[in-house]
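Chains as they are written, first to last, in my numbering: chain A, 351 to 623; chain B, 659 to 970.
Where hints are given, some of them may not hold.
With a straight-line cut-off of 20 angstroms between C-alpha atoms, the simulated SDA-like cross-links for lysine to any residue are [unchecked claim]:
id: 1; chain 1: A; residue 1: Lys387; chain 2: B; residue 2: Ala795
id: 2; chain 1: A; residue 1: Lys387; chain 2: B; residue 2: Ser755
id: 3; chain 1: B; residue 1: Lys913; chain 2: B; residue 2: Ser885
Looking from chain A toward chain B, a few residues come up when the C-beta cut is under 8 angstroms (computed) [said to hold, decoys possible]:
id: 4; residue: Arg369
id: 5; residue: Arg370
id: 6; residue: Arg371
id: 7; residue: Met375
id: 8; residue: Ala378
id: 9; residue: Leu380
id: 10; residue: Arg385
id: 11; residue: Arg443
id: 12; residue: Glu456
id: 13; residue: Arg614
What the simulated footprint calls covered on chain B by chain A, stretch by stretch (three residues with Cβ under 8 angstroms from a Cβ of chain A suffice, anywhere in the stretch; the number is not a length) [said to hold, decoys possible]:
id: 14; segment: 750 to 756
id: 15; segment: 759 to 770
FYI, nobody ran anything at the bench for these hints, they're computed from the structure.
Quick reminder that beta carbons are idealized off the backbone N, C-alpha and C, glycines included.
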Amino acid sequence: MSIDTTTRSTTRNTSSPARRRVMAMSAAELRLLLRNKTALFMVLAMPLLLVGALSVVAEDVGINLGVYLAGTLIGFVLLFVVYYNLVTTYVARREELVLKRLRTSEARDREVMLAGAVPSLAIAAAQIVLGVLGAVLLLDMGAPVNPLLVIVAVIAGSAVFVLLALVSTVFTRTTELAQVTTMPLMIVCLLLSGLTFPLDFLPDVAAGAARLLPLTPIVELTQLGLAGAVGEADPVGFPATFSEAVIPFVVLVLWLYLGVYGVRRWFRWDPRA
Amino acid sequence: MNGRRDIVIEVDELRRRYGEGDGFEAVRGVSFDVAEGELFALLGTNGAGKTSTMEILEGLAEPTAGQVRVFGRDPYAESATVRPRTGVMLQEGGFPSDLTAAEMTRMWAGITSNPGPLDEVLALVDLSHRADVPIRALSGGERRRLDLALAVLGRPAALFLDEPTTGLDPESRRKTWDLVRQLVDDGTTIVLTTHYLEEAEALANRLAIMHRGRIVTCGTPAEVAASHPSTISFEPLQGGALPQLPGVTVTTAAKRVVLHTQALQDTLTELLTWANTYGLKLENLHARSASIEEAFLAVAATDHEISEEVPA
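Isolated chain A, as found in the complex (with noise of 0.2 angstroms):
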């Protein structure tokens, strides 16, 4: 019912037909979404679960609690509410040939695949807001010390994994083989990523490596921006977190580019393999 009248008002009210267009298609991927109870359960549940085992597993983590929940929490939303649930999203949409249908439409192409992102993003972006909140209120982390690194993070983070996951679809052709073709970068991610060990417990060429990977750069950001250190290095202040974050934002400026290229050159429309 809420829905519903979200929706008129929204497409009455705006006046860009590009954002109208979003915001239809939007509003039908949210019905979708809650209507699909695993994905929901996926989407809503699944993070909660794991940063809420792992603090209860966490004992020492060398560093603030509140700054390590608040940063897994981030990766954990990324990978499962960005990344996994829009390969299964955006394959089951090729799948049902909405995709074709939607192209045969005004909407334009990056419209329509911003549509199909826009509820999982917003819902992603609702449970990091209430997370960092909660880590500052309740686990006595404090201010984060530069906040822009953490809002960059989350922002060009969820880019690169919206494009991951559009580019995840080319080998993934049902959605059930979506829980075998997401493995990989998820696991990978999981625990390479200073996500839930710090880096430094690593040799000095695999920590190197460790750094290259998607999700690294937007947890060490999170620290950064957090606690103005990543992982057990000593904290620095508010000016120096920026030299500091250089490496990690470039890194993740180059997986924006290498999805927006992966993107382009084999995204299908199309089931027909």
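Using the hints, position chain B against chain A.
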């Protein structure tokens, strides 16, 4: 015939190849024009290249070679300017099964420049009473009608209908025909593909029969029918050879003698006079004037250039 009207759709030496290099060439040099307010039907067997051609007209794919213009523009490269004036009904719906018909229509209205009233468009295709039913629970025919509703929602000047009545019961088909006729009367330009010859005959101003990626015959239904001979057939006679019949081809099979003629009445008169004179009875006599079906079957029977291709 349509000399005074503007050409809305121009197709010139269109080719479409799937895959790189020596992939399957589904469309092999197709040309036709469609004038404003005209209904042009593409007929053909499965795999003849109808849908491959339509997808290029709809701006979903680029031609491998040749040129397509819709309202004078490239439907693929300039889709932003062409799309607001076109409506498309793909061969398969492409509906998310968990949305209701009304929700789908509302979403479609949200991505259409000047959508008509939603209840009106659902009423147009007799779906008002099914508006709140999830699409997964709609019958194939109902989905096809919903598809048509969405295609006409933006009151397009040009409409592409890929097998619009496949899966419809006779009554719905008749209603769809009425709606299509109404659209043509209102000046909509329509390109339609169909398997049903009577559909093309009933609706089309002009039609083309495609076969293996080429247009084999093109013209008004009457012209296409007339381009093929009429047929007379009967069971073989016991003794007695047929008379000389000018301009007639005779084929004799085990159970039927088949005559093809361009002048059905003359040939039939001669044949019957001859049979009368000799007191012969022509068993199981059939005479059929030229029709699109004859033309279609004649085209489907010609299988030239098949060695090089293996359709998917």
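Evaluation of the provided hints:
1. Pair hint Lys387(A) plus Ala795(B) holds up; C-alpha atoms about 19 angstroms apart against a cutoff of 20 angstroms.
2. For the hint linking Lys387(A) to Ser755(B), the alpha-carbon distance of about 15 angstroms falls within 20 angstroms, and the restraint holds.
3. As the CA atoms of Lys913(B) and Ser885(B) are separated by approximately 27 angstroms, the hinted pair breaks the 20 angstroms bound.
4. The criterion of a C-beta within 8 angstroms of any C-beta in chain B is not met by Arg369(A), whose closest approach is roughly 11 angstroms, and the hint is violated.
5. At its closest, the beta carbon of Arg370(A) sits 6 angstroms from a beta carbon of chain B; the interface hint therefore holds under the 8 angstroms criterion.
6. The closest approach between the C-beta of Arg371(A) and any C-beta of chain B is roughly 4 angstroms, which is under the 8 angstroms cut-off, so the hint is satisfied.
7. Hint on Met375(A) holds. Least Cβ distance to chain B is approximately 6 angstroms, under the 8 angstroms limit.
8. Annotation: Ala378(A) was flagged as interfacial toward chain B, and the flag holds, the nearest CB pair being 4 angstroms apart, inside 8 angstroms.
9. Look at Leu380(A): its Cβ only gets to about 11 angstroms from chain B, farther than 8 angstroms, so that hint breaks.
10. A cut of 8 angstroms between beta carbons decides the hint on Arg385(A): the least distance to chain B is about 5 angstroms, and the hint holds.
11. About 7 angstroms separates the beta-carbon of Arg443(A) from the nearest beta-carbon of chain B, less than 8 angstroms, and the hint is met.
12. With its C-beta approaching chain B no nearer than about 5 angstroms, Glu456(A) sits inside the 8 angstroms limit, and its interface hint holds.
13. At a threshold of 8 angstroms, the smallest CB-CB gap from Arg614(A) to chain B is about 15 angstroms, leaving the interface hint violated.
14. For the segment 750 to 756 of chain B, the assignment as covered by chain A holds, since 7 residues bring a beta-carbon within under 8 angstroms of that chain's beta-carbons and 3 suffice.
15. Check result for the segment 759 to 770 of chain B against chain A: holds, 9 residues qualifying (beta carbon to beta carbon below 8 angstroms, three or more required).
Of the numbered hints listed earlier, those contradicted by the structure are 3, 4, 9, 13.
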